[in-house]
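A.B. asks: So the sequence shown is numbered by the numbering used here: it starts at 26 and just counts up by one.
It is possible that part of the hints are untrue.
Derived EDC-like pairs (lysine to aspartate or glutamate); straight-line CA-CA distance at most 20 angstroms [stated by the list, open to error]:
#: 1; residue 1: K221; residue 2: D332
#: 2; residue 1: K331; residue 2: D390
#: 3; residue 1: K202; residue 2: E263
#: 4; residue 1: K202; residue 2: D225
#: 5; residue 1: K135; residue 2: D227
#: 6; residue 1: K250; residue 2: E335
#: 7; residue 1: K135; residue 2: D162
#: 8; residue 1: K331; residue 2: E307
#: 9; residue 1: K297; residue 2: D278
#: 10; residue 1: K305; residue 2: D285
#: 11; residue 1: K57; residue 2: E192
#: 12; residue 1: K281; residue 2: E263
#: 13; residue 1: K381; residue 2: D403
#: 14; residue 1: K221; residue 2: E178
#: 15; residue 1: K177; residue 2: D162
#: 16; residue 1: K305; residue 2: E335
#: 17; residue 1: K177; residue 2: E165
#: 18; residue 1: K381; residue 2: D417
#: 19; residue 1: K135; residue 2: D285
#: 20; residue 1: K57; residue 2: E178
#: 21; residue 1: K221; residue 2: E182
#: 22; residue 1: K250; residue 2: E238
#: 23; residue 1: K250; residue 2: D227
#: 24; residue 1: K281; residue 2: E307
#: 25; residue 1: K135; residue 2: E192
#: 26; residue 1: K331; residue 2: E263
#: 27; residue 1: K250; residue 2: E134
#: 28; residue 1: K221; residue 2: E307
#: 29; residue 1: K305; residue 2: D278
#: 30; residue 1: K57; residue 2: E182
#: 31; residue 1: K57; residue 2: E99
Derived from the structure by calculation, the hints contain no laboratory data.
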Amino acid sequence: MLLALVPLPATAQSIDRQFRSWLEADLWPSAKAGGVSRATFDAAFDGITPNLKLPDLVLPGQKPQTPKTQHQAEFGSPGAYFAENTVRGVTAGGRSRAGTHARTLAALEKATGVPPGIVLAIWGRESGFGRARIPYDAFEVLGTKAFLASRKEMFREEVLAALVMAERGRIPPRSMKSSWAGALGQPQFMPTSYLKNAADGDGDGRADIWNSEPDTLASIANYLKAHGWVRGRDWGFEVTVPEAVSCALEGPDRGKPIADWARMGVARIGGKPFPAHEMKGEGYLMMPAGRNGPAFLVTPNFYVLKDYNESDLYALFVGHAADRIQYGDRTFTGAWGSVGGLYRSDVAAMQRGLEKLGYDVGGADGLPGFRTRRSIGDWQARNGLAPTCFPDAALVKRLR
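Required output: the full structure, derived from the provided sequences and hints.
C.D. replies: This is the structure we're talking about:
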């Protein structure tokens, strides 16, 4: 079976020819219309052939398919995302760099309102503070995906943006290194994001997110500011949620002033009051494992972090790591329960069952986001069950 998935040399040569024809007849006219010169275009794709080892490709003559490994991937506990050795690596690395870059970080906080811990946590999470290998040629990745990926239009936009970067002299094409998904440099920006958000942090007139640490920090802070970071507000707080407060109240569309949550009995961990300046601000319940894990009241800044990477757990990791960088190592008070053990196909089947009952689960993708979690909680309450707001085998069996 593995041999059947590997293109034969003749097939690969045919794809190479089709790729070259596509570059000339399709991509070049769009690049030219966007102000890219022929010399820049030719330099970008000199020697480039499609990388057929990249994931999520649809070869000529094939139809898009959901990979079986993705469909059957076992869904584990959200707590696995917060393995202490991973979190501690980011927090220890962030603290050691906070002093080195203190002047830059202070200037960035003054200009953007983004605290140093947040910037450092993203830098550490994205590229291990620049230590992670970023080995791919961006034009190989983006060109391949614009030609063959299941999301061709998205990658077409990105490869055209990368060509504009090269045309403007931001970085020579062969120096433009990316991840396997086309994300660039230490902050892992896609090219469109680079053009909008990359910033010069060291005063040399360039935004070099591959080699300059000040530029990397400035670009991360600038991205968050551009996406709506609210100066002076925290990202969120770990809380306790009384049983009388439904876990189905979770979500960014069900916000209340933090003072209202407090009156309902939602309390900050450790008995501390919420900061006075936060009480009138909007807060949102966030329970990534339902009743099986820690609970949080988050602010609009949490959702700015989600703009950086569309994942509740990513945003929570960054906020938690930032707190530890700035205030010292403290783990979550709430314990992550023993959840998971389901396949994504099981969760997707349960989601489809909820959709048939009229619930909005945010799509039957096999991933229990907040719409799925609160739909579970609402269904449980309506059927005389104690709401957990998280999938389990019994729920899958009843709802699929």
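A.B. asks: Each hint should be assessed against the structure and marked as holding or not.
C.D. replies: A quick look at each hint next to the structure:
1. Taking the CA atoms of K221 and D332, the gap is near 14 angstroms; set against the 20 angstroms cutoff, the hint holds.
2. Distance hint between K331 and D390 is fulfilled; the C-alpha atoms sit about 18 angstroms from each other, no more than 20 angstroms.
3. Restraint check for K202 and E263: the C-alpha separation of about 38 angstroms exceeds 20 angstroms, so the hint is violated.
4. For a cut-off of 20 angstroms, the pair hint linking K202 to D225 stands: about 19 angstroms separates their Cα positions.
5. For the suggested pair K135 and D227, the alpha carbons sit about 16 angstroms apart, so the restraint of at most 20 angstroms is met.
6. The hinted pair formed by K250 and E335 meets the criterion: a straight-line CA distance of about 17 angstroms does not exceed 20 angstroms.
7. With a C-alpha separation of about 36 angstroms, the suggested pairing of K135 with D162 is violated against the 20 angstroms cut-off.
8. Taking the CA atoms of K331 and E307, the gap is near 17 angstroms; set against the 20 angstroms cutoff, the hint holds.
9. A distance of roughly 26 angstroms separates the Cα atoms of K297 and D278; the hinted pair therefore is violated under the 20 angstroms criterion.
10. For the proposed pair K305 and D285, the alpha carbon gap of about 9 angstroms is at most 20 angstroms, so the pair holds.
11. Between K57 and E192 the alpha-carbon distance is near 11 angstroms, which keeps this suggested pair within the 20 angstroms criterion.
12. Restraint check for K281 and E263: satisfied, since their Cα atoms lie roughly 16 angstroms apart, inside the 20 angstroms limit.
13. Note on K381 and D403: the hinted pairing holds, with a Cα-Cα distance of about 15 angstroms set against a maximum of 20 angstroms.
14. Restraint check: the Cα-Cα separation between K221 and E178 comes to about 19 angstroms, which is no more than 20 angstroms; the hinted pair holds.
15. With a C-alpha separation of about 18 angstroms, the suggested pair K177 and D162 falls inside the 20 angstroms cut-off, and the hint holds.
16. For the hint linking K305 to E335, the alpha-carbon distance of about 27 angstroms lies beyond 20 angstroms, and the restraint is violated.
17. For the proposed pair K177 and E165, the alpha carbon gap of about 14 angstroms is at most 20 angstroms, so the pair holds.
18. Simply put, K381 and D417 have alpha-carbon atoms about 19 angstroms apart, close enough for the 20 angstroms limit, and the pair holds.
19. Pair hint K135 plus D285 does not hold up; C-alpha atoms about 31 angstroms apart against a cutoff of 20 angstroms.
20. Taken as a hint, the K57 and E178 pair is honoured in the structure, with Cα atoms around 18 angstroms apart against an allowance of 20 angstroms.
21. For the hint linking K221 to E182, the alpha-carbon distance of about 13 angstroms falls within 20 angstroms, and the restraint holds.
22. For the proposed pair K250 and E238, the alpha carbon gap of about 19 angstroms is at most 20 angstroms, so the pair holds.
23. Between K250 and D227, the direct Cα distance comes to roughly 19 angstroms. Compliance with the 20 angstroms bound is thereby established for this hinted pair.
24. The hinted pair formed by K281 and E307 meets the criterion: a straight-line CA distance of about 5 angstroms does not exceed 20 angstroms.
25. Straight-line distance between C-alpha atoms of K135 and E192 comes to about 33 angstroms, which puts the hinted pair past the 20 angstroms bound.
26. The suggested pairing of K331 with E263 holds, with an alpha-carbon distance near 17 angstroms, which does not exceed 20 angstroms.
27. This hinted pair checks out: K250 and E134 have alpha carbons roughly 10 angstroms apart, not beyond 20 angstroms.
28. A hinted pair counts as satisfied when its Cα atoms are at most 20 angstroms apart, and K221 with E307 does not qualify at roughly 28 angstroms.
29. Restraint check for K305 and D278: the C-alpha separation of about 17 angstroms stays at or below 20 angstroms, so the hint holds.
30. For the hint linking K57 to E182, the alpha-carbon distance of about 14 angstroms falls within 20 angstroms, and the restraint holds.
31. Proposed proximity of K57 and E99 is contradicted: the alpha carbons are some 46 angstroms apart, above 20 angstroms.
Violation of the numbered hints given earlier is confined to hints 3, 7, 9, 16, 19, 25, 28 and 31; the remaining hints are satisfied by the structure.
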